[in-house]
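Participant: Residues per chain, in single letters:
There are 4 protein chains.
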Amino acid sequence: MNEKVFRDPVHNYVHVEHPIIYELINSKEFQRLRRIKQLGTSGYTFHGGEHSRFSHCLGAYEIARRIVSIFEEKYPEAWNSKESLLTMTAALLHDVGHGAYSHTFERLFDTDHEEMTRQIMTQEETEINRILAQVSPDFPDKVASVINHTYPNKQVVQLISSQIDVDRMDYLLRDSYFTGANYGQFDLTRILRVIRPVPNGIAFQKNGMHAVEDYVLSRYQMYMQVYFHPASRAMEVLLQKLLQRAKALYTINKDFFVRSSPHLIPFFEKSMSLSDYLALDDGVMNTYFQNWMTSSDKILSDLAQRFINRKVLKSIVFSEKNEPHLHILRKLVNQVGFEADYYTAIHRNFDLPYDVYHPNSDKPRTQIEILQTDGELAELSSLSPLVKSLAGTKHGDNRFYFPKEMLSQTGLFRDIHTQFLSYIYNETFIYGE
Amino acid sequence: MNEKVFRDPVHNYVHVEHPIIYELINSKEFQRLRRIKQLGTSGYTFHGGEHSRFSHCLGAYEIARRIVSIFEEKYPEAWNSKESLLTMTAALLHDVGHGAYSHTFERLFDTDHEEMTRQIMTQEETEINRILAQVSPDFPDKVASVINHTYPNKQVVQLISSQIDVDRMDYLLRDSYFTGANYGQFDLTRILRVIRPVPNGIAFQKNGMHAVEDYVLSRYQMYMQVYFHPASRAMEVLLQKLLQRAKALYTINKDFFVRSSPHLIPFFEKSMSLSDYLALDDGVMNTYFQNWMTSSDKILSDLAQRFINRKVLKSIVFSEKNEPHLHILRKLVNQVGFEADYYTAIHRNFDLPYDVYHPNSDKPRTQIEILQTDGELAELSSLSPLVKSLAGTKHGDNRFYFPKEMLSQTGLFRDIHTQFLSYIYNETFIYGE
Amino acid sequence: MNEKVFRDPVHNYVHVEHPIIYELINSKEFQRLRRIKQLGTSGYTFHGGEHSRFSHCLGAYEIARRIVSIFEEKYPEAWNSKESLLTMTAALLHDVGHGAYSHTFERLFDTDHEEMTRQIMTQEETEINRILAQVSPDFPDKVASVINHTYPNKQVVQLISSQIDVDRMDYLLRDSYFTGANYGQFDLTRILRVIRPVPNGIAFQKNGMHAVEDYVLSRYQMYMQVYFHPASRAMEVLLQKLLQRAKALYTINKDFFVRSSPHLIPFFEKSMSLSDYLALDDGVMNTYFQNWMTSSDKILSDLAQRFINRKVLKSIVFSEKNEPHLHILRKLVNQVGFEADYYTAIHRNFDLPYDVYHPNSDKPRTQIEILQTDGELAELSSLSPLVKSLAGTKHGDNRFYFPKEMLSQTGLFRDIHTQFLSYIYNETFIYGE
Amino acid sequence: MNEKVFRDPVHNYVHVEHPIIYELINSKEFQRLRRIKQLGTSGYTFHGGEHSRFSHCLGAYEIARRIVSIFEEKYPEAWNSKESLLTMTAALLHDVGHGAYSHTFERLFDTDHEEMTRQIMTQEETEINRILAQVSPDFPDKVASVINHTYPNKQVVQLISSQIDVDRMDYLLRDSYFTGANYGQFDLTRILRVIRPVPNGIAFQKNGMHAVEDYVLSRYQMYMQVYFHPASRAMEVLLQKLLQRAKALYTINKDFFVRSSPHLIPFFEKSMSLSDYLALDDGVMNTYFQNWMTSSDKILSDLAQRFINRKVLKSIVFSEKNEPHLHILRKLVNQVGFEADYYTAIHRNFDLPYDVYHPNSDKPRTQIEILQTDGELAELSSLSPLVKSLAGTKHGDNRFYFPKEMLSQTGLFRDIHTQFLSYIYNETFIYGE
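Protein chains in written order, with this note's numbering: chain A, 162 to 594; chain B, 162 to 594; chain C, 162 to 594; chain D, 162 to 594.
Please keep in mind that the hints were generated in silico from the structure rather than gathered at the bench. Where hints are given, some of them may not hold.
Because identical chains cannot be distinguished in the list, a pair is counted as satisfied if it fits within a single copy or across any two copies.
[Stated by the list, open to error] Pairs of lysine to aspartate or glutamate residues, derived as EDC-like cross-links and limited to a Cα-Cα distance of at most 16 Å, are as follows:
| no. | residue 1 | residue 2 |
| --- | --- | --- |
| 1 | Lys235 | Asp558 |
| 2 | Lys482 | Glu288 |
| 3 | Lys524 | Asp512 |
| 4 | Lys235 | Glu178 |
| 5 | Lys189 | Glu285 |
| 6 | Lys482 | Asp558 |
| 7 | Lys459 | Asp502 |
| 8 | Lys472 | Glu190 |
| 9 | Lys189 | Asp271 |
| 10 | Lys315 | Asp463 |
| 11 | Lys189 | Asp463 |
| 12 | Lys524 | Asp437 |
| 13 | Lys243 | Asp463 |
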């Protein structure tokens, strides 16, 4: 096959030399990723962030391609070139099971995008399975095992999923480029110069340690600035409440949902198949929400129009200490006529920017290893005071969401609003402080 | 109102100081633009080009805002500051009537996005009309008249629509940024330094002429490289054929379309209202196409899955001279079993990169004027040999599209394919050459 | 005066509206800054870093201009617009007293670029003094007092000199742009949006705290990556030794220096006037060093050619603990025939990335203040765990420099080299560890 | 040798794998290029343009390295890998013979930087010659023959010197990056994808034609916007007049020049050796000019201080038709007391942006060849109307330079100034028009 290229604003070009990769890109399950936004509701806050999972997956693949090509050329003794195609394939497909608004959707409908990724690879009905099986009969399972972290070669697994992997490297650069929030930029070229395979994983030469440090900081900053933005989470909350209302109504009025949102029925009925899952995407979901805007149920139609027309909920920060008192606010919201179960919500967003390996933890993390000039490995935070300051600590906040109307100081319910506002100071819930 | 900002990767920040602008952005008709891609089918070729008309409209507004703010400060005698809000509003709303895949859709269903823009501004049912009317009762009509070029102040009209207007300036920068095809970059800062109001329009000081020249070249190159890309046009052709098939089938099997694509019915029936029009967007259309993939009509379902799964048609260039012989190719396509009416197409793409003003032309163009140090205006191409070389000449090509299968050299119809290929050389139709 | 602009790759354009600023830029003392590199010996490591102090001073001025223009427009009650010209002038001239390789030169010849800056402003012989005096008779002293931190208005002083000032903001962006080491990039636009005058200084609104945090990190990373680079310090060491040798020889052989480096005589003689100081620049110094390459003194000529031809000394890190043992290495260097006083050196580089205000410290630092939504100020590190991790701690290292020849493993002195190498491991001095 | 890298803001990293290249970079003749600015007097107009020939030569080498590495990998049958080192070496050294302000200097002192480049390569006294001779005894001559266009392999020659060569590609990108005048940017990555060796030279695949077209346009625009900028040429004129005056005075007062500018004596005496040539650089020349500022000759000292302190001459455009009347202006300049021979000048700047091959021309140009899908070559301008519009035509202007003082409208010579101004309109000499 002649090399194919895809013009990419982040990596300049994505290069495809292997026909299997090209066929995978052209498969219908992969093309479906064009219809799913990478950033979900964050695009409502950062209007440039409208790129799809398709473009991110190509990008993660491209970084993997560059890495294995460097490994093959510079470290043939430490890298088995037979793993290269597997690595590139896993990078390309690592998110193929993502659905529309996955995060929220999964919570409501008990789906699991990682399990879906596995099924897309291994079930015979998919184009992707058929393409993978051309490589060898066990190739679909091998790719799936990389995604599941059970593949024996830790080098491959870490490239695809670890605290510094092709997924994270691409999404930081990409989300940062498209949103215009430049905090996610780091020096990929330098990292590619110092990354290398070591006996049981991946390490980075010491002379590039600052680039790795910068990557960790960039990731932290993107979480704080973009991924945890209160307005995006407000949209996520709205979506959650909307789907929750739909589920509740479904048992009462199936007909409406059969007409307005046919492909959601298997999810309401908990009888979902892989093809049902693949039938959903952002466009289909939004179409259904637009249909729901005409529902006779006031809450469903109102939440749907708020989501579609971006009527953002407002929020305040609260602490663990005064969380037990939030019922006071919920009560006031109810008094104004908004059913608090659907118009208020608690949203918690925390990230652990970096952690060392804790063998006894539930989800032990692969720590980032720095290769010193004497050949010894040292864990990143032992060398970097900056990373040490982030390691092991979760960062984020708890927020209580409610309708913007509560902040209005006029109208019928002025007194209730005033009472509501009296509990808020500096965008924080201050009852009991 | 406190100034609001929107983080924008192209202009860094979009600034909103006027409450009317902020309300317009938050209106449902404007938010709807988030669901319509700026580049239509070009995103299938340049995967980064997934940005929406929402982000372009904000960008065009931001350029307008900067220009009127410069005009107010530097040229108070030549610019009436009362026109500033009108100019910003018209920039923001100039594309508000665009629908999903407008270009193709309009041809098939006789809609007109400019007329829709006018209706959204002037019909009382829209949020936008109500917001505009807050300024003054005649403000909706004034904004509409700017879009229609009938507003008497030519300065305002030219800023919104001319050979160098806020629309073009934003889309070149934006499409270029998101696709990664850098040809559209030009020196906006320089242009903002030299743009100025003159008695009957807009001119550019001579010391910035090269920036204007560069802008004209950038536009030409974006047309050649991005907007006229054969693969994007292939997707446009598919879409056109798909809708054409649907129209044909509708008369026979209304029920199927009522179920699978309810919001298209008013368009099939030619009884479309404004709210029908606003109900459509990219997501709704794609949802319908996904529904059509299950049609019992083989052509409809096949074209739908080709469009959704990006199975690109192939194409060759032909000349006016051998266009009459294309029926030979169509016949071969038919012989292989593809109904040529739906599987072949002629696609013509031509652009006039720049032209001087021809008072007697159908659509006379406002030429770009350069203000010389002595105060005289000179038309751009009279000073720039590069622009002169582009002026008045249409650039583009005619292409004949057909299924990729015709290029295969194996299978049942090998002989027909061989015959088909014998008419092609260098991606060009050579019969009779 | 018509606005003048200077094309600048960092700020796009530098705008000059005030004739005093324009005259100052055109003064001979300011033009002299074109002949002095901003980064001194760092350009030997980062070849792109060849920009001059002229370009940095324009850049610092431009940031100041943007800030005062924002202050005038947005905070007229908190900012006295009469301070604007003073602020812009101080920003422009803050480094005007810098000389060639200032850092090293000052140590050897007891000069002081801050004192020189003051003299250039206040002595009647300079063009700059005459231009400043046009504003008012006390204006030269006022500008000097801003540089000296004695000007009563702390807003002005902090803009020019504090932990986040126009000097640092420009040099981070500029050094980062020209060297290609991107670590110095931060979001200036955002910082300009949130900076504001407060009663006794400058603060940053809370919604921009992350941009300020990012600036502090960028500065830290530029120090670690660029400013403290061992190779640049090696060149600084060479320069220091070269000047030290010249001083020693001068007492013996004045004639040679009168001929080869006439403008250095006043410095050897400790009788330097302002015009003597202004006669030196990078080109003059390098010309002298090239002349010294022909000296009959072997050490002077050798050090001169090593500096001119960039023969970098090598270095190792040592700790306070084993510093007392460095004499062992010096002895070995002597044995090989390199006079250790001229061919070895200790170089210490430490920076305090950020600190809170300590009223009793020698040089109390103005801390960075964040303005919260309730109007209260909070010190940056109290809000940012990342900054807290950097605050109050010096970062850097101690290095011992020696000729590269010591690392060679062949030749006459092989045994001595082997012994020398035995004390080194991982680029670190390990004697006694 | 371990690969070495140089951080470069234009190419991200310059990679050196071959020890010969590394030694050449470290040679004293190559390090000398750090002391010579790439853009000469243009840095006085675009203050960012202070980069050296050192950085440009590294950049040209890096492009060559990328190209030969692509050729070796993709076109082993069409490219002889034995030519790779030669190509990289020639790219690195192509400008090694450049001196301070070469253009002007050569005209005054009859030197020739191309001849100097040859001598540096082939004379045994240089470090570069010794390094080159390590490859093979005839390697120095081979490299020189590439520079002289006499090397038989036209592929190598065209990569180093043709209408699209590594020199031009680097300087456009670099000058554009450092000056901030973005017109020189083009899509190098795309060009590297489509460049390929063909039997008798270099060609570009048709699918990259637009990138090549864009490169030609970028070059044209950089000439018009940057290289031909009237202010830079004014400084060139000053320099020329300054050296002209020095030459004239030398015969009268040798002593002064022996003291003030010793390394220029061989040039005044026309007895220059290679080492004399290498002793000069920007710093040495500027040091001499600073010395000349103290001359008792009023013209020499005045011109020297105008050059050093950037007192730009003013200029007007004239046509061939009215050139014979310029003596009128010269006479007026004389009347005011400026000796017209030293204070006025004609400066002609013309460039031929592109040309096809004319076998009978003095300097036939190698045309740019586009490789079509059928394997045939087509000359670029036959396919690109934009390039056609530039081909074969020289662009530029003739300017007459004179002291800024002539434009003043006050003072003793007001009447003469008024008369002078009466011949100027729109910065153009209008006598006889």
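Participant: Now look at each hint and say whether the structure bears it out.
Facilitator: Here's how the hints hold up against the structure:
Taking the shortest Cα distances, lysine 235 and aspartate 558 never come within 16 Å of each other, neither inside one copy (44 Å) nor across copies (32 Å). Taking the shortest Cα distances, lysine 482 and glutamate 288 never come within 16 Å of each other, neither inside one copy (52 Å) nor across copies (43 Å). With identical chains, the CA atoms of lysine 524 and aspartate 512 are at most 16 Å apart within one copy only, with a shortest distance of 14 Å there and 38 Å across copies. In the homo-oligomer, the alpha carbons of lysine 235 and glutamate 178 lie at most 16 Å apart only across protomers (12 Å), although the nearest pairing inside one protomer, at 19 Å, exceeds that limit.
For the identical chains of this complex, lysine 189 and glutamate 285 are intra-copy neighbours only, at 14 Å inside a copy versus 44 Å across copies, given an alpha-carbon limit of 16 Å. Taking CA atoms no more than 16 Å apart as the test, lysine 482 paired with aspartate 558 passes inside one copy only; the shortest distance there is 13 Å, against 44 Å between copies. For the identical chains of this complex, lysine 459 and aspartate 502 are intra-copy neighbours only, at 14 Å inside a copy versus 48 Å across copies, given an alpha-carbon limit of 16 Å. In the homo-oligomer, the alpha carbons of lysine 472 and glutamate 190 lie at most 16 Å apart only across protomers (13 Å), although the nearest pairing inside one protomer, at 33 Å, exceeds that limit.
Taking the shortest Cα distances, lysine 189 and aspartate 271 never come within 16 Å of each other, neither inside one copy (24 Å) nor across copies (32 Å). For a Cα distance limit of 16 Å, the shortest separation of lysine 315 from aspartate 463 qualifies neither inside one copy, at 50 Å, nor across copies, at 43 Å. Taking the closest pair of Cα atoms, lysine 189 and aspartate 463 come within 16 Å of each other only across two copies (13 Å); inside a single copy the shortest separation is 35 Å, beyond that limit. Proximity of lysine 524 to aspartate 437 under the C-alpha cut-off of 16 Å is found in neither arrangement, the shortest distances being 31 Å within a copy and 51 Å between copies.
Neither within a single protomer nor between protomers do lysine 243 and aspartate 463 lie at most 16 Å apart by alpha-carbon distance, with minima of 55 Å and 38 Å respectively.
When the structure is compared with the earlier hints, violations turn up for hints 1, 2, 9, 10, 12, 13 and for no others.
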